[in-house]
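Sequences and hints are given; from them, build the entire structure.
Heads up: the sequence shown begins at 1 in my numbering, then just goes up one per residue.
None of these hints come from the bench; they were simulated from the model. Please note that a few of the clues may not be correct.
Mimicking DSSO-like on lysine-lysine, the simulated pairs with C-alpha atoms at most 27 angstroms apart in a straight line are [unchecked claim]:
hint	residue 1	residue 2
1	Lys-329	Lys-312
2	Lys-242	Lys-230
3	Lys-242	Lys-294
4	Lys-292	Lys-259
5	Lys-292	Lys-202
6	Lys-367	Lys-312
7	Lys-259	Lys-367
8	Lys-242	Lys-228
9	Lys-329	Lys-367
10	Lys-217	Lys-230
11	Lys-312	Lys-378
12	Lys-242	Lys-202
13	Lys-329	Lys-358
14	Lys-217	Lys-324
15	Lys-242	Lys-211
16	Lys-312	Lys-295
17	Lys-242	Lys-259
18	Lys-358	Lys-312
19	Lys-259	Lys-171
20	Lys-329	Lys-294
21	Lys-378	Lys-358
22	Lys-292	Lys-312
23	Lys-324	Lys-367
24	Lys-312	Lys-202
25	Lys-171	Lys-211
26	Lys-242	Lys-171
27	Lys-171	Lys-217
28	Lys-294	Lys-228
29	Lys-202	Lys-324
30	Lys-259	Lys-324
31	Lys-292	Lys-242
32	Lys-312	Lys-259
33	Lys-324	Lys-358
34	Lys-292	Lys-329
35	Lys-295	Lys-329
36	Lys-171	Lys-228
Ranges of calculated distance between the beta carbons of each label pair, as one might list FRET restraints [claimed, not checked]:
hint	residue 1	residue 2	range
37	Ile-159	Ser-371	23 to 33 angstroms
38	Val-296	Arg-18	34 to 44 angstroms
39	Glu-287	Gly-365	25 to 35 angstroms
40	Glu-272	Val-296	19 to 29 angstroms
By construction, the Cβ of each residue, glycine as well, lies at the ideal position given by its N, Cα and C atoms.
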Amino acid sequence: MQIESEHGFKRIADLFSRYIAGVQTEKEERELYAWRRKEGAGDVFERLCEQVRARMHHVPEQEWEAAFARFERRKRAYRLKRNIKRWGAVAAALALVCGGGYFLWDRGMQGKDGGMELLAVEEAGMEELGVAPLLSSGSGESWLLAEGGTWDYAMYDSIVASRGSEGGAWKNDTLVMAVPECCEYHLVLEDGTEVWMNADSKITYPAHFGKESREVKVEGEVYLEVAKDKSRPFRVEAGGMKIEVLGTSFNVNAYGQLKVTLVEGAVRAEGEAGRWRLAPGQQLAVEGSGVKVKKVNVADYVAWKEGCYIFKGETLEEIAGTLKRWYGKDVVFLDEQARERLFTGILDKDVGVDVFMKQLAETSGLKFVVSDNQVFVK
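Here you go:
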C-alpha cells in the first residue's frame with residue numbers, strides 16, 4: 001500500500017497518531033502494519049514520523065521513543081489478541097517468543113540446560129519481494145491484492161454490484177484465492193468463517209454458500225476458524241481427504257503429506273484408508289501409506305499464523321521447504337550430508353533471509369551463501 005496522495009498520507013498519519021496515543025482499534029492497527037510492511041523505510045516514512053511527532057508535541061520524549069521503538073519492532077502481537085483467551089499460557093508464550101526473536105540450535109543440544117540462546121531480530125525487507133496474492137473468479141476476472149491484507153465476501157459483492165451485474169448469476173460464482181511464496185493473507189468467507197493462508201497456498205470456494213452445506217478445497221497451508229451453522233456442515237477437501245466440521249478452529253497443512261491439527265471443537269476426516277475423529281490437541285498425519293492420530297502441542301503447528309515457524313528435530317532439507325515458501329529461495333546442497341542434519345528452533349518470519357542464514361551458520365558450523373534466488377549450503 002503506497003501513499004499516492006496527500007489524502008492517503010493524512011490517513012496513515014492519523015493511524016500512526018492513534019497508535020502512538022494507544023487508542024487505535026485492531027482494524028486500524030492491521031491497516032497501519034500492512035502499510036508499514038509495503039512502504040518500508042525511506043523518505044515517506046521519515047516525513048510521516050516528523051509530522052506525527054509535531055502533532056504530538058505534548059507527549060513526553062521518553063514515551064514517544066518507547067512507542068516508536070514498539071512500532072518499529074512491528075511484531076504480529078495484534079494477531080494474538082483474539083487467541084489469548086483460547087490458548088492461555090500457550091498463546092502468551094508464543095507472543096513472547098515471536099515478539100522477541102528466534103533461537104536455533106543443533107539437535108544435539110536438546111536436553112542440556114542452558115543450551116538455548118535468544119538472538120536479536122532484524123527487519124525482513126518484505127517490500128522488496130514484489131509478490132502479491134491473486135483472487136480469480138469463475139467469470140474470468142482477477143484482482144491483485146495487497147500482501148498481508150484481508151478480503152471478505154462483501155468486497156466481491158460490491159465489485160459486482162458496481163458493474164451493474166444482473167440476474168444474480170454471480171452469486172454462484174467460484175472464487176480462487178492464490179497466495180504465492182513470500183506472502184500470507186486473511187480471508188473472510190460469506191458465512192463469517194475466517195481463513196488465514198500461509199505462503200504458497202490456495203483455496204477454492206463459492207462466493208456464496210448453498211443452503212445445505214459449505215465446501216472449500218485447500219492446497220498448501222491454512223488455519224480456519226469456522227463459523228457455527230448446524231444446518232450447513234463445513235467441509236474441507238485437502239490432500240486426498242474430506243474433513244467435516246460444524247464449528248471449530250483447526251490447521252490444515254497439505255504442502256506434502258497431509259497434517260490436520262485441531263485447536264478447538266471436533267472434526268471428522270475421511271479418506272481411502274478409513275474414517276477418523278479428532279479431539280482438541282490431536283493431529284491426523286498421513287505417514288507413507290498409513291494414517292496416524294496423535295496428541296501434539298498445537299502451538300507448534302499454528303505458530304506460523306502468529307509470525308513464527310517452529311522446527312522440532314527437523315532435517316535441514318525439511319527446513320529448506322520453508323525457506324523456499326517464505327523467502328522464495330531454492331536451497332542447493334553442495335554438501336549432501338548436510339541434508340540430514342537435525343535442528344530444533346524458532347524462525348521469526350520478520351527476520352530477513354541473510355540474518356537467518358547467518359545465525360544458522362553460527363549454530364551449525366555449516367556455510368551458507370545467499371545468491372539471488374538460491375541459498376548454497378557448503
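Decide if the proposed pair is consistent with the structure: Lys-242 and Lys-228, CA atoms, cutoff 27 angstroms inclusive. Roughly 18 angstroms between the alpha carbons, so the hint for Lys-242 and Lys-228 holds.
Range agreement (Cβ of Val-296 with Cβ of Glu-272, hint 19 to 29 angstroms): Taking Cβ atoms as reference, Glu-272 and Val-296 lie about 23 angstroms apart, which means the hint holds.
Starting from Lys-171, check that the Cα of Lys-228 is at most 27 angstroms away, please. Since the Cα atoms of Lys-171 and Lys-228 sit roughly 21 angstroms apart, the hinted pair holds (cutoff 27 angstroms).
Taking the beta carbons of Val-296 and Arg-18, is their distance inside 34 to 44 angstroms? The hint (34 to 44 angstroms, Cβ to Cβ) holds, given that Val-296 and Arg-18 are roughly 39 angstroms apart.
Straight-line Cα separation of Lys-312 and Lys-295 no greater than 27 angstroms? With a Cα-Cα distance of about 15 angstroms, the restraint between Lys-312 and Lys-295 holds, given a limit of 27 angstroms.
Please verify whether Lys-292 and Lys-312 have alpha carbons no more than 27 angstroms apart. At roughly 18 angstroms apart (the allowed maximum being 27 angstroms), Lys-312 and Lys-292 satisfy the hint.
Lys-259 and Lys-367: Cα distance at most 27 angstroms? Answer violated: Lys-259 to Lys-367 is near 32 angstroms, above 27 angstroms.
Given hint Lys-324 paired with Lys-217 - CA-CA distance at most 27 angstroms: holds, 23 angstroms
Measure nothing beyond the straight line between the CA atoms of Lys-312 and Lys-378; if it is 27 angstroms or shorter, mark the hint as holding. holds, 23 angstroms
Can the restraint linking Lys-242 and Lys-230 be considered satisfied, given a maximum Cα separation of 27 angstroms? holds, 18 angstroms
Agreement of Lys-312 and Lys-259 with the hint, judged by alpha carbon distance not exceeding 27 angstroms: holds, 15 angstroms
With the threshold set at 27 angstroms, check whether the alpha-carbon distance from Lys-358 to Lys-312 stays at or below it. holds, 20 angstroms
Consistency with the previously given hints fails for numbers 7, 19, 20, 34, 35, 37, ordered from lowest to highest.
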